[in-house]
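The whole structure should be built from the sequences, with the hints applied where relevant.
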Amino acid sequence: MSYRKFLKKMNRKEQSQDLEKDDPKSIDTSLTENLNIIKEKTGNSPDIIIRIISFGHDPKVRTAIIYADGLVDNPTINEYLVESMENNVQEKLHGKDPFTILSEKVVALGSVKTAKDWDSLFQSLLSGDTVILMDGKNEALIGSTKGGERRSIEQPDSEVSIRGSKEGFTESIATNISLVRRIINNPNLWVEPMNLGKQTKTDVSIMYINGIADNDTVEEVRHRLRRVNLDSILDSGYIEQVIEDESIGLFPTIIHTERPDAAAGNLLEGRIAIFVNGSPNALIVPAVMIQFFQTPEDYYMRFPISTFIRQLRVLMYLISLIGPALYVAITTYHQEMIPTGLLIIIASQTDSVPFPAIVEALIMEVTFEILREAGLRMPNKISSTISIVGALVIGQGAIQAGIVSPAMVIVVSVTAIASLATPSYDIAISARLIRFAFMLSAAIAGFYGIILGLIMLTVHLVSLRSFGVPYISPLAPFEPGNIKDTILRAPLWALNERPKFLSAKNRVRQGKNQRPQVPMSQGMVRADTKEGDKNEF
Amino acid sequence: MEKARISASQLFVLIVLFQLSNSFLLSLGINGKQDAWLIILIAMAISMVLFFVYYALYQYHPGILPTEYIEELIGKLLGRTLAFLYILYFITIASRVLRDIGETLVTFAYPETPLFVMNALMIFVVVYTVYKGIENIARTGELLVVIMFLLILSIFLLVVLTGLIDTSNLQPVLENPSTVMKTVFTETLYVPFGEIIIFTMIFSYLTQPKKVIKAGVLAISVTGVILAITMALNISVLGVMLTSRSYFPMLTTIQSIEVGEFLERLDVFFILVLVIGGFFKVTVYTYGAVIGTASLFKFKEPSKLAYPLGIVILILSMIIASSYAEHIQEGLKVFPLYVHIPFQVIIPVSLLLIAFVKNRKK
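The listed protein sequences derive, respectively, from chains A and B. The opening residue of the first sequence carries number 1293 in my numbering; numbering runs sequentially from there. The opening residue of the second sequence carries number 232 in my numbering; numbering runs sequentially from there.
A few of these clues could be false.
[As the list claims (entries may be wrong)] In silico DSBU-like cross-links for lysine-lysine, where the CA-CA straight-line distance does not exceed 30 Å:
(1) A:K1792 <-> B:K589
(2) A:K1792 <-> B:K234
(3) B:K442 <-> A:K1776
(4) A:K1797 <-> B:K529
(5) A:K1317 <-> A:K1458
(6) B:K441 <-> A:K1792
(7) B:K564 <-> A:K1797
(8) B:K445 <-> A:K1797
Simulated from the structure, these hints should not be mistaken for laboratory data. Please read all numbers here as calculations on a predicted model, not as lab measurements.
Have a look at this one:
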């Protein structure tokens, strides 16, 4: 062993001994000692408020109320804790355990528990609970007083609804869980809490419906969450990146939503929701690709319209993928496929343009991406400048200067609108990058390149999995029973089965006779029909 | 063998895509003139017998690859040599199909692009797909078969609805029975129908081995009928002379579709069918070669073999013939007689006889 290694080892030993010395595991009996430890551990932070009250009478017991300012609900502490303790000062204590009296008679809070070690004490204190320490007792009483200022429930920005609930998740995990509970009033809606993040100790909860969700999948989610060993969890995005199946590819294999009704719908299909404190997005697993083209509203509208809109979205996605690539392919390799009249127009326009179609397309696409990113991060007051520069200078100017052809501008604009029409931002953003690959393959080999690209994309997509579920289910592998809710949306009364790939055991969703029973008088009625047959009026 | 499972319906999809592929575009059985469609149907019926032979062989050795059971049947040295020859056969056919696609594309759409670039692009995607394994090949097939059927259906509908058909081109039926039977047994039975032998490499992945026969017979019938309709349409639109003279009668037929001033030159349909179908054929052959090589030489990670074999197929596709005419001549004169008949008929049938005798002894 070299000298340096030896030194290192010694150092480590000393450090660990120091830590043990400074880090008493369990709470002391002396109140002064305990308060000193709290002050020392929190670095005398002014937002940790310690209030000392004498409790009881004959003998008096020194009691301390400790809470973190801003994380607690102040009226609750004043009314139900401080006042209640002061009112009960006359209680005779001799012969009785003051601690028991305090927890049973005095503290008028909804949930009260005890803690014996410092770790759980600090965990509760810093998540907004109030800690009550008593002199001569090596236990702490923890009353639930979570509260403080939070954003109220608002309409979600990223998933706007026309019909359906306008509520959105907030940053508080308790609020989010309650929002879902208000929709599913069922004791089988189970919530499992967890604490993740070495430094942040963030509250994370798994939510699922027992009996519908597949037990193996739930266990897999638990397992993946347990092995999370990140320093901090600032958003659900952190969790998403360490538990997903495919972390390198472009396609999201976990869906997230800001809407309680979307989360509830997914839970009822047998999926599992993961809530992270501080994030208004609930993660939902397992996700399949077709979900990114669906919105909760599809189920609220009439089904032929929903079906049409879903197919439109898939078409939009395809356009946003290969729109510019098609233009490049046609103008470079396959001019004979354009009807003659149109060909003449395009040819006369591109005649004066000094670049080949691919360069033109790349210039316009990159410009568009820059504009889009600029618009996203811009304060509202300046964003009008961006639109003027974008529309006039780049759109109009580029054409008049003869740098790009008007047809190209149309293609890029249509592509841009198409990519904005995809309901999920996550999936739309994947198209932004893949589009460039398609443009290049179109420049190399026209339609042949595009088709090969699409085949390769298909192979990649079918090979993806989300928590064991193939990404393109139920289309590939094909599940004939589940095809009704994909790019189609069958009438609600026909969606009798849950997806097989999510919930293999409990598949029956509803009764088989949910089709509205209309009175026969709406159609032709046979003359010998008796009154009362089939709801006849 | 990799650890994977496919369903009977996926096998059906794979066989359909595999057989439609480039055969949909070529002039099958045109030696029989206006009876080409009849030739296809007869070949289809006979090929089912071949399929039964392949299936019976598999029945004697469920769950293992042909490259493994050949060894069991005829001894180690002879068996391994034969298995190796089969792998070479798959590689050769894969490179021939690749050459077909490349030449077709260069001839009709990309006169200035080198053949090598065309083939290299295709083999790149094929290698990527084979690397992902049979489950993903099958799932890709499930998605692409829908596109393929839609394309073929729309081509049929457009041809019929635009009134291009002249049924007198198809008469007289069965003018020369001996030519018909000769064409069946010298050409059409082996390409595309006999090529189904590659699926013996895939049978062992099935979740329900008993459904192999159902899926296979159904797939062969579907493709046979589609190919027969295709040839009948080609001949009735173009006439026997033009069909037999053109390399790709389907392309000529598609190009004669004209709806209004708008729907004309639907060559993109042709490219789509060509690329999707061709891709599948090359992929399945390459997969067979990869999995066979892996089992023969006891490779632990079969998917890694996709790269070297892909490069071999690419190079072979370039040097297998010096010109397209030579390539076509090889396909018509040399391959059916000296390659397809032994590998598709003689060897499997004799193996089945050996298996039968061996099992009766027991």
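So, against the hints stated earlier in the document, which numbers end up violated here?
1, 4, 5, 7
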